[in-house]
Structure formats: structure tokens, C-alpha cells
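Chemist: Numbering (my numbering), first residue to last: 146 to 340.
It is possible that part of the hints are untrue.
Claimed, not checked - Cross-link-like lysine-lysine pairs, in silico, DSS-like; alpha carbons within 25 Å at most:
hint, residue 1, residue 2
1, Lys309, Lys276
2, Lys239, Lys272
3, Lys308, Lys239
4, Lys276, Lys291
5, Lys171, Lys291
6, Lys171, Lys199
7, Lys199, Lys217
8, Lys276, Lys239
9, Lys309, Lys326
10, Lys239, Lys291
11, Lys239, Lys171
12, Lys326, Lys276
13, Lys326, Lys308
14, Lys217, Lys239
15, Lys326, Lys171
16, Lys309, Lys239
17, Lys304, Lys291
18, Lys217, Lys171
19, Lys304, Lys276
20, Lys308, Lys291
21, Lys171, Lys276
22, Lys326, Lys272
23, Lys309, Lys272
24, Lys272, Lys308
25, Lys239, Lys199
26, Lys326, Lys291
27, Lys291, Lys272
28, Lys308, Lys276
29, Lys309, Lys291
30, Lys272, Lys304
By construction, these hints were calculated from the structure, which means they are not laboratory data.
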Amino acid sequence: MKEIQSIGVYCSSYEGLGEVYRQAAKELGQQLAAHRITMIYGGGALGLMGEVSKSTMAHGGRVIGFMPHHLKEFEDPNWAITELHMVDTMHTRKRLMFEHSDAFFVLPGGFGTLDETFEIITWHQLKLHDKPLIFINVNDYWTSLKELTSNIFGQRFAKPEDKKAFRFVNSIPEAFQVLLKAHEPGPHEPAPEWV
Numbered sequence: 146m147k148e149i150q151s152i153g154v155y156c157s158s159y160e161g162l163g164e165v166y167r168q169a170a171k172e173l174g175q176q177l178a179a180h181r182i183t184m185i186y187g188g189g190a191l192g193l194m195g196e197v198s199k200s201t202m203a204h205g206g207r208v209i210g211f212m213p214h215h216l217k218e219f220e221d222p223n224w225a226i227t228e229l230h231m232v233d234t235m236h237t238r239k240r241l242m243f244e245h246s247d248a249f250f251v252l253p254g255g256f257g258t259l260d261e262t263f264e265i266i267t268w269h270q271l272k273l274h275d276k277p278l279i280f281i282n283v284n285d286y287w288t289s290l291k292e293l294t295s296n297i298f299g300q301r302f303a304k305p306e307d308k309k310a311f312r313f314v315n316s317i318p319e320a321f322q323v324l325l326k327a328h329e330p331g332p333h334e335p336a337p338e339w340v
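Sequences are here, hints too, so could you generate the full structure?
Modeler: Okay, here's the thing in C-alpha cells:
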């Protein structure tokens, strides 16, 4: 895989979420800027999406957003980022986020987050890419999903090699450690598995 220069971030655009999630989003933005990795996301100014993007910008990082025109009825576009592209459809947004991202981080989110995330996993299954995807299990939010995916593999509804499509970690620093270590293996140290 090529060097990680950009990371697609999937997460909630809802307001009023718990402070533990907001702090994790701010920490992720700070770390993206510190690692000089461009944030790729859905272009919104609200919820965790807004927190990550604002934090990345506040710490001197780069943020590129893709938002379908019709979403302006539901959430505010974030015009205060490096680049905001208004696009025609959700499908276009998904495609552009995928094309511009070298890897993906998933913070807590709802059905939209799951929709976008599982499409990336499915494309990996179909060998359309080999980009890593990491669920950041803030406040044990993704623990039940981790158990579900274990059941999927355990009952053979997915192949063992599909475990490489994603991984769960418990913190922001661990997400960067796992991701960057995979791209800098030592002479006798293989890159880690993604589950």
C-alpha cells in the first residue's frame, strides 16, 4: 500500500452527543493535523463530523469535504475548511471520498455511518481496494458490532481472509499506531492483520 497521506473519516453528524464522543472527535482532528494527514469527510459542520473537521483546521491541518446539495436541508455545510465540494448525489460523495482516501477511520455514528463503512468493507471483499479501515471503539460504542462481526466469521458467512478488511481499536493513538505501523514493518515484523 502507498504512504498514508489522507484518511476518510466516517462519524455522526448529529448534535447533542455525549462529551466523551466530542472529545474523541477533537483529539482525532488534532492527531490528523499532527501527522500531516489530510482529513476527507462528508463536509458537514455539525456533530462529530463538525468537531473533527474544526479541530483539524484549528491545529493547522487540511480538510477536504464532499457534500450533496440536498443535504443542506438537514445539516450546515462547513465552508471554513480547506476545500468543500458540493456534489450532485450521495453516490458521488461516496465515490469521491473513497478515491481521495488512503485509509478510513470510523468514529461512533448511526445508520449513515454504517452504510458508508460497510460499503468500503464490501468493496474490500470484492478486491476493489486494499485500503485499511479502523473502527475507533470510543466508550465501547462499537463493541456490539465487533461481537456481531465475530459471529459472522464464526458461522462462516464471510471468509477468514475478509478479516483483513477492518480492525477495531480502543483509542485514537492506537488507531494511528496500528495504521502507520502497517506501512513501516521492521525487517522481521510483518504488517498486522486488520482484525
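Chemist: Does the structure break any of the earlier hints, and which numbers would those be?
Modeler: Those not satisfied: there are none.
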